[in-house]
Amino acid sequence: MKLSRRDFLKLCGASAAMLGVGATVAPPALAPKNLAAPVAPRDVRATLIDTTKCIGCKACQSACKVANGLPTNDRPVALSATTLTIVDLRNISTKPNQPEIKPVKKQCMHCEDPACVSVCPVGALVKQADGRVTYDADVCIGCRYCMVACPFGVPKYDWASANPKVNKCGQSCLANGKRDKPACVSACPQQALTFGAREELLAMAHARIRENPGKYINHVYGEKEIGGTTMLYLGGTSFEALGFRVDLPEIALPKLTWEAQTKVPAAFFGMMGLLSGIAWWTHRTERKESNEKP
Amino acid sequence: MSPTLQFLLTIFVGLVVVVAPFVLIFGVLYPLKRRFEPQAEIARTRFKMPFNAHPIAVTAISLVVVAAIGIIGYALVTNQFVDLMILFRDVVVLAYMFLLRFVAPFVVLYFAGTWLERKLNPSATRARRPIAERVPMLKRLPALTPRGTLVALFLTILWLSAIGIAIARFFFGLSYVTNLSDEFPWGLWIGFDVVSGVALAAGGFVVAGTVHVFNLKRYHPIVRPAILTALLGYLLVIVGLLFDLGRWYNIWHPIFMWNIHSPMLEVAWCVMLYSVVLMLEFSPVVLEKFKIEWALKIMRAITIPLVILGMCLSTLHQSSLGSLFLIAPEKINPLWYSAWMPVFFFLSAIGVGLGMTILESNLSSRALGRALEDDLLAGLGRAASVVLALYLLARFVELIARGALGYAFQPGFHATIFWIEVLVGFAAPMALMAFRRVRAKPGLVFLSGGLIVFGVVFNRLNTSLLGWWQYAQGGAVYIPSLNEVVITVTLVSLGVVVFGLAAKFLPLFPEEKHAHA
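Order-wise, the sequence lines are chains F and B.
Remember, our numbering sits 32 above the position in the first sequence when you count from 1.
Remember, our numbering sits 68 above the position in the second sequence when you count from 1.
One thing to keep in mind: the hints can contain errors.
Below, simulated DSSO-like cross-link-like pairs (lysine-lysine); rule was C-alpha separation at most 27 Å, straight line [claimed, not checked]:
hint : chain 1 : residue 1 : chain 2 : residue 2
1    : F       : Lys85     : F       : Lys97
2    : F       : Lys85     : F       : Lys247
3    : F       : Lys287    : F       : Lys256
4    : F       : Lys97     : F       : Lys213
5    : B       : Lys207    : B       : Lys399
6    : B       : Lys572    : B       : Lys365
7    : B       : Lys399    : F       : Lys287
8    : F       : Lys210    : F       : Lys90
9    : F       : Lys210    : F       : Lys197
10   : B       : Lys399    : F       : Lys295
11   : B       : Lys572    : B       : Lys359
12   : F       : Lys85     : F       : Lys127
13   : B       : Lys285    : B       : Lys365
14   : B       : Lys285    : F       : Lys320
15   : F       : Lys247    : F       : Lys90
16   : F       : Lys197    : B       : Lys399
17   : B       : Lys365    : F       : Lys320
18   : F       : Lys256    : B       : Lys399
Hint data in this document are derived by calculation from the structure and do not stem from the laboratory.
Predicted model only: the values in this text are computed from it and were never measured.
Working from the sequences, and respecting the hints, build out all of it.
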């Protein structure tokens, strides 16, 4: 026992070195590859939603349900496990007793730097190179951290299932190349939805604002919110009235946790060094005694 | 070939390959040998079967176990576990229906018939023997005091309801037993069982570090119970996680699938690694009981590095629970949301580690009739006072620097619970334990320990549940259902019962043993 106390620092050093090697080598090799894949901005496919053109026909909502094989006979009023896109009927009137209904399509915002992707411990949620945020149920462990993290409250859960999934738009209707644009975009009779490269759509949105003075408010929702989204909105009234959170920071939320996570190795090895030093110091008399013994 | 057919076929082939040798040896060869070879009887006594069971029974049991492991493992890796579970559920439901509709009427008829016969023909009534004679096993149970009977009754009702809730939760889904919703995806099971549970297990690393790293040997008598409390805490956190995870059968995924950006991955790894470290730290107690000297020697040799590793892992784990909430600045009340949450969680974990050790020592000394280590607990209280003072200073400096202190003075729900948390849970025990005279009174030390535990648990609940009440649209709130509370209380009661059993059968309080021996 005494002998070991003399040697425990060596053991500490060896284990720290091993852990250090492991920490520097393992994570880059094992981290999900799609997490931070560099993509040229023009390749990111986005959707511009012009809420002033929307007439509230809910064709997008039905088309989404058909494309995803979801029940069409419920009458959703909000996003749910069986409704991945919703036409939200907002009352934007400021006068009482004179309601003025403005329909607004809502769905997953497919953020540029999604909080849900950054928090998923097993990488079940992935930001694809073309901008989509997809979900793989077979990988998911069901911790629901994505739902906690999403600032838009988009992911919805199968609460009544023994094998629950997280449900959100993953633009899976685009998968295996059957379509060239999402089902909701194709379904819109008013061309309120435009599908294309994010940069071009942003330019188009600003051009519309410029060319139609008074029709739009001068803000493209999703351009800067939490680091930008690939669902971009134009609105004729304040976005708060349209049911969007306008208090969101411009910083991408994953940066907040990443700032803490990058300090983890330093905390671990700093703590290890500090504690080893303390233990070495506090056991000095015992070490001396055991050294004096033959 | 359909997937189901493929699945069944694979199971069948797997069964044949894995199980056939067992069947051959135990089911065919062994009985045959016994039948035709008189000497086999001698062989049977020499190579005793486990529990003296009949070989056929052993064969059947091993068959079932091997088959179950094979089927569950196969289903897990091929993501078909749920189909299996649903199948099992349907079989159980079918069996239940069968019992209810076909067996139950006969049972009812039988008892009604006997009752009627007794009424009509009283002379035929046999004298009733006492229940202890009819069920001999009952004689082996210890005699219960009235209080013990009440506790046993409470535990029976609690655990039976917990089994029912577990069946509903695992076979049907979370919504059958919880009040969780899309607005509040995390509830009591995360807020208390996991986030608070880990904090309450902090006593293990705090006390172990005090003794083995800071070399304050006089605290040695309280190390073992503190480590056991931590170990039980971690094991119960895992059970709580199994209840809460939607796809609990995928709980092993974080071992292989990494997203290093997620604090949850750090949490998962810390739970796994630190439970192993805690088991190793606790192992000398078990090894001493069974007198396995060589292993004890190894364990003593690596004690200090192990304790240091445990403290490093705890540092990460306690702080990572704070990092979990960094992602939601727009949802959590600014009185709790802060970029420094990881640091605050770590600091308050040290405080509650000390508080929990005080509480646990007091409770176990009362329940087990042990002498209380008054001076040691007073020392812990003094340390807790310093830690809590540091914590409060850091927290208020941060609140002022962020300009969020004003929220504490806006009358309302959140300001109220903030002041309850800070004044009752942190400031009061800090002030109490700052005075030597107060620390000299064991009752007040006990009270302070309890207050710290309350304060930190309340802080965790406020960060993970109550601080979220403002954000949901339409003023939705989350209040845990009775089922969630029952599961949480069950987990706590399991911890208490196992602690009591360990205190009875293992050398948990070494100095006590020496006094008796």
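Now the hints, each set against the structure:
1. For the proposed pair F/Lys85 and F/Lys97, the alpha carbon gap of about 22 Å is at most 27 Å, so the pair holds.
2. Restraint check: the Cα-Cα separation between F/Lys85 and F/Lys247 comes to about 11 Å, which is no more than 27 Å; the hinted pair holds.
3. For the hint linking F/Lys287 to F/Lys256, the alpha-carbon distance of about 15 Å falls within 27 Å, and the restraint holds.
4. Restraint check: the Cα-Cα separation between F/Lys97 and F/Lys213 comes to about 15 Å, which is no more than 27 Å; the hinted pair holds.
5. Under the criterion of a C-alpha separation no larger than 27 Å, the hint pairing B/Lys207 with B/Lys399 is inconsistent with the structure, at around 58 Å.
6. Pair hint B/Lys572 plus B/Lys365 holds up; C-alpha atoms about 24 Å apart against a cutoff of 27 Å.
7. Between B/Lys399 and F/Lys287 the alpha-carbon distance is near 17 Å, which keeps this suggested pair within the 27 Å criterion.
8. As the CA atoms of F/Lys210 and F/Lys90 are separated by approximately 22 Å, the hinted pair is consistent with the 27 Å bound.
9. A hinted pair counts as satisfied when its Cα atoms are at most 27 Å apart, and F/Lys210 with F/Lys197 qualifies at roughly 24 Å.
10. Between B/Lys399 and F/Lys295, the direct Cα distance comes to roughly 24 Å. Compliance with the 27 Å bound is thereby established for this hinted pair.
11. A hinted pair counts as satisfied when its Cα atoms are at most 27 Å apart, and B/Lys572 with B/Lys359 qualifies at roughly 17 Å.
12. At most 27 Å may separate the alpha-carbon atoms for a hinted pair to count; F/Lys85 and F/Lys127 meet this at roughly 23 Å.
13. Restraint check for B/Lys285 and B/Lys365: the C-alpha separation of about 19 Å stays at or below 27 Å, so the hint holds.
14. Restraint check: the Cα-Cα separation between B/Lys285 and F/Lys320 comes to about 18 Å, which is no more than 27 Å; the hinted pair holds.
15. Taking the CA atoms of F/Lys247 and F/Lys90, the gap is about 23 Å. The hint holds against a cut of 27 Å.
16. Pair hint F/Lys197 plus B/Lys399 holds up; C-alpha atoms about 23 Å apart against a cutoff of 27 Å.
17. Distance check on the hinted pair: B/Lys365 and F/Lys320 sit about 21 Å apart at the alpha-carbon level, within 27 Å; holds.
18. Proposed proximity of F/Lys256 and B/Lys399 is supported: the alpha carbons are some 19 Å apart, at most 27 Å.
Hint 5 alone, counting from the list given before, is not met by this structure.
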